[in-house]
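Could you build the full structure based on these sequences and the hints that come with them?
Here full-length UniProt numbering is used: the first residue of the sequence shown is 1, the next is one more, and so on.
Worth flagging that the hints you see were computed from the coordinates, not collected in a lab.
Worth double-checking, as some hints may not be accurate.
[To be verified] Subject to a maximum C-alpha distance of 27 Å in a straight line, what follows is the list of computed DSSO-like cross-link-like pairs (lysine-lysine):
| hint | residue 1 | residue 2 |
| --- | --- | --- |
| 1 | K77 | K56 |
| 2 | K49 | K77 |
| 3 | K39 | K77 |
| 4 | K49 | K39 |
| 5 | K56 | K39 |
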Amino acid sequence: MSSDVAGGSSRMSSDVAEEGGRSEVVKSKRRWSLGESGKNSWPELVGWKGECAATKIEEENPQLNVIVLLEGTPVTKDLRCDRVRVWVDCHGIVIQPPTTG
1 MSSDVAGGSS
11 RMSSDVAEEG
21 GRSEVVKSKR
31 RWSLGESGKN
41 SWPELVGWKG
51 ECAATKIEEE
61 NPQLNVIVLL
71 EGTPVTKDLR
81 CDRVRVWVDC
91 HGIVIQPPTT
101 G
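Spelled out as structure tokens, the structure:
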């Protein structure tokens, strides 16, 4: 279940905990790591050099793990609130807005 909150969005995830033969659903809350800038997307970085874009994102939010990837590189499909993928073309230029996820 997803919901928007002030300053960002949060996601509730459910896990099943088994204890003494009984199961119960445990809900945990994970906050998206928006940092002080409150951003989760950087459309203004399209056209920048990938490494420069990664540096800019890290300056705005040092909590994020920023990865520069060549377009077409296989990646996992999991969502991570602390990760930003910066997709670049064969010339190292950002081709789509970097976003958290």
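Structure-based check of each hint:
Using a Cα cut-off of 27 Å, the hinted pair K77 and K56 holds, with the two alpha carbons roughly 24 Å apart. At most 27 Å may separate the alpha-carbon atoms for a hinted pair to count; K49 and K77 meet this at roughly 25 Å. Distance hint between K39 and K77 is fulfilled; the C-alpha atoms sit about 21 Å from each other, no more than 27 Å. For the suggested pair K49 and K39, the alpha carbons sit about 20 Å apart, so the restraint of at most 27 Å is met.
The suggested pairing of K56 with K39 holds, with an alpha-carbon distance near 12 Å, which does not exceed 27 Å.
The structure fails none of the hints (numbered hints given earlier).
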